[in-house]
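If you read the sequences in order, they're chains A and B.
411 is the number that my numbering gives the last residue of the first sequence; the numbers go up by one with no jumps.
117 is the number that my numbering gives the last residue of the second sequence; the numbers go up by one with no jumps.
Careful: at least some of the hints might be erroneous.
[What the hints assert, rightly or not] Covered by chain A, per the in silico footprint, the following chain B stretches (three or more residues, Cβ under 8 Å):
| no. | stretch |
| --- | --- |
| 1 | 32–46 |
| 2 | 80–93 |
[Claimed, not checked] Simulated crosslink set (DSSO-like; lysine-lysine; CA at most 30 Å straight-line):
| no. | chain 1 | residue 1 | chain 2 | residue 2 |
| --- | --- | --- | --- | --- |
| 3 | A | K77 | A | K216 |
| 4 | A | K77 | A | K220 |
| 5 | A | K77 | A | K370 |
| 6 | B | K108 | A | K163 |
| 7 | A | K311 | A | K216 |
| 8 | B | K108 | A | K311 |
Calculated from the structure, these hints are not laboratory results.
Ideal placement from N, C-alpha and C gives every residue a C-beta, glycine not left out.
Residue-level listing of the chains:
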Amino acid sequence: MNPLELTLGIMTAVGGFVDISELVFAAKAGSTFGYALISVFFIGTIGIIVFSEMSGRVAAAAKQPVFNLMRHRLGLKLGLVTLAASIVANLITCAAEVGGVALILNYLTGAPYLLMAILMVAVMIASIWILPFEWIERTYGLLGLFMLIFAVALVAIHPPWDKIAGGFMPQVPHGLSTKELLTFGYFTVAILSAVLFPYEVYFYSSGGIEEGWAPKDMLKNRITAIVGMGLGSTLAIAILANSAQLFGPVNVDPEIPGTAALQAAIPFGRWGLMIALLGMFFAVAGAAVETCMANAYSIAQFFGWMWGRHKKPWEAPRFTLTWIALFILALLIVLTGVDVMMLVEFAILFSILVLPFTYLPLLLLAGDRKYMREYVNGPLAKTLGWLYFVIITAAAVAALPLYLLTSGGNG
Amino acid sequence: MARKLLPLLLLLIAGCSHASGPEADLQYVKQARSLGAEWALVNEQASQGHLTATYVGSMHQWLRDNLQTTSRSLTQPDSRYGQEVRALLAEPDDASPEEIRSHSDRLKQIEDSLESA
Numbered sequence: 001m002n003p004l005e006l007t008l009g010i011m012t013a014v015g016g017f018v019d020i021s022e023l024v025f026a027a028k029a030g031s032t033f034g035y036a037l038i039s040v041f042f043i044g045t046i047g048i049i050v051f052s053e054m055s056g057r058v059a060a061a062a063k064q065p066v067f068n069l070m071r072h073r074l075g076l077k078l079g080l081v082t083l084a085a086s087i088v089a090n091l092i093t094c095a096a097e098v099g100g101v102a103l104i105l106n107y108l109t110g111a112p113y114l115l116m117a118i119l120m121v122a123v124m125i126a127s128i129w130i131l132p133f134e135w136i137e138r139t140y141g142l143l144g145l146f147m148l149i150f151a152v153a154l155v156a157i158h159p160p161w162d163k164i165a166g167g168f169m170p171q172v173p174h175g176l177s178t179k180e181l182l183t184f185g186y187f188t189v190a191i192l193s194a195v196l197f198p199y200e201v202y203f204y205s206s207g208g209i210e211e212g213w214a215p216k217d218m219l220k221n222r223i224t225a226i227v228g229m230g231l232g233s234t235l236a237i238a239i240l241a242n243s244a245q246l247f248g249p250v251n252v253d254p255e256i257p258g259t260a261a262l263q264a265a266i267p268f269g270r271w272g273l274m275i276a277l278l279g280m281f282f283a284v285a286g287a288a289v290e291t292c293m294a295n296a297y298s299i300a301q302f303f304g305w306m307w308g309r310h311k312k313p314w315e316a317p318r319f320t321l322t323w324i325a326l327f328i329l330a331l332l333i334v335l336t337g338v339d340v341m342m343l344v345e346f347a348i349l350f351s352i353l354v355l356p357f358t359y360l361p362l363l364l365l366a367g368d369r370k371y372m373r374e375y376v377n378g379p380l381a382k383t384l385g386w387l388y389f390v391i392i393t394a395a396a397v398a399a400l401p402l403y404l405l406t407s408g409g410n411g
Numbered sequence: 001m002a003r004k005l006l007p008l009l010l011l012l013i014a015g016c017s018h019a020s021g022p023e024a025d026l027q028y029v030k031q032a033r034s035l036g037a038e039w040a041l042v043n044e045q046a047s048q049g050h051l052t053a054t055y056v057g058s059m060h061q062w063l064r065d066n067l068q069t070t071s072r073s074l075t076q077p078d079s080r081y082g083q084e085v086r087a088l089l090a091e092p093d094d095a096s097p098e099e100i101r102s103h104s105d106r107l108k109q110i111e112d113s114l115e116s117a
């Protein structure tokens, strides 16, 4: 195991962890409910670590992508349902990320939002076309490390660390009205959805195959998933805690994504603002690339097409056309003028509804000795995997009623 | 099971989509209160030289756009909160943070009274 490669992998996972939905919901959760929802980020992070490690293990052991195995394991009909559901969820998520990155460019440059959306989609298509896979991942992930400014800002504002530590314990704040309890429930479901977005696992496992993972890479997979995603999640928790400390007391429940950048501007001034905006820009752009690629991977793998960025674009023409078409579709959604915050809410809602469908096949595959041989799920992975499957199924069932009853978390 | 749940879900959707009056407007009052508070915070930080002019200009544009959308969404635009949102919108972009915050604070009082009603 090359230590430099491992470090880069971990840093990439850290920088690439936060996306527009986590940014929005972490900031809103902190200002609305203080530190109480830190535990949901913590629980969700363990879940994404479990499923990412599992998907990386499937890629390394079976050397086949999840969607290819899924079709064989589940059959064409059920496989198609899962594929369609994940395509819709990922496409809306991709549109939210494209809108988010255009918004952030607007804050940075003042240039028109829709023009920035068109420009950024062109830049992202060019970057995927030109860069080899590992540099696509590393460029956005490593530059996303500017997001560390949110953790540094948290230290600088001297928060009540005892209350932050207390937030890691699952809890419901005292004295909430029925409406506020429902809103708390909606935030719980939304944060779980944002942390466990299915595209992350598809991109991660397909990336493992792009990089030629084999059984010798099992340790690398495990360390990258646990350390990278664990540290990445601390950034989201830092945003939540900053929000609880800086926004809650002045009645700010961030309604526009740009407000989050104030968390770094308050302690550090202009340079803090610029670093925060740059971090948000690269993190959200990286998420846009990942959602688009994850969708293209899923489609190509399901239908058995040639796929991967380890091939020249013209060597996998259907795959190439698919990711370009998906980016253009996401752009068209943004160009309709739909509000980014609304796209984020729809992305969260659709993703949580399809989460059980997307993670069940992975659980079945990773537990199947025929495919996995000695790398089949052990007792810990099996227990945690099924426990999280129950949690996300409960969240999926509760999501739509909670969304409607709370007007999307607005009370 | 699904056949029993579906009509309930449709009723829930119908109930949510046809609501009107102060209860239905509460979500917009909350949004307007937060948008006002965000605007005040931006102006406060800008006055201390913590922000770039480009960021401040963009934030003002988005905050105002969102406030206008919120104002248009109110089912009772002539209510006390409707007037307060309009008063907030009438403020210039570079109004003092105290002035903007006073509108946000009044919206917060209305929000609290609506929630306890």
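Against the structure, the hints come out as follows:
Look at the stretch 32–46 of chain B against chain A: 9 of its residues bring a Cβ nearer than 8 Å to a Cβ of that chain, three or more, so the hint holds. Residues of the stretch 80–93 of chain B with a Cβ under 8 Å from some Cβ of chain A number 0, which does not satisfy the need for three, so the listed coverage is violated. Taking the CA atoms of A/K77 and A/K216, the gap is about 35 Å. The hint is violated against a cut of 30 Å. Of the pairs offered as hints, the one joining A/K77 and A/K220 is violated, with about 35 Å between alpha carbons and a cut-off of 30 Å exceeded.
Taking the CA atoms of A/K77 and A/K370, the gap is near 22 Å; set against the 30 Å cutoff, the hint holds. Proximity of B/K108 to A/K163 is assessed by CA-CA distance (about 26 Å); at most 30 Å being required, the pair is judged to hold. The hinted pair formed by A/K311 and A/K216 meets the criterion: a straight-line CA distance of about 23 Å does not exceed 30 Å. Among the hinted pairs, B/K108 with A/K311 is inconsistent with the structure: their alpha-carbon atoms are about 57 Å apart, more than 30 Å.
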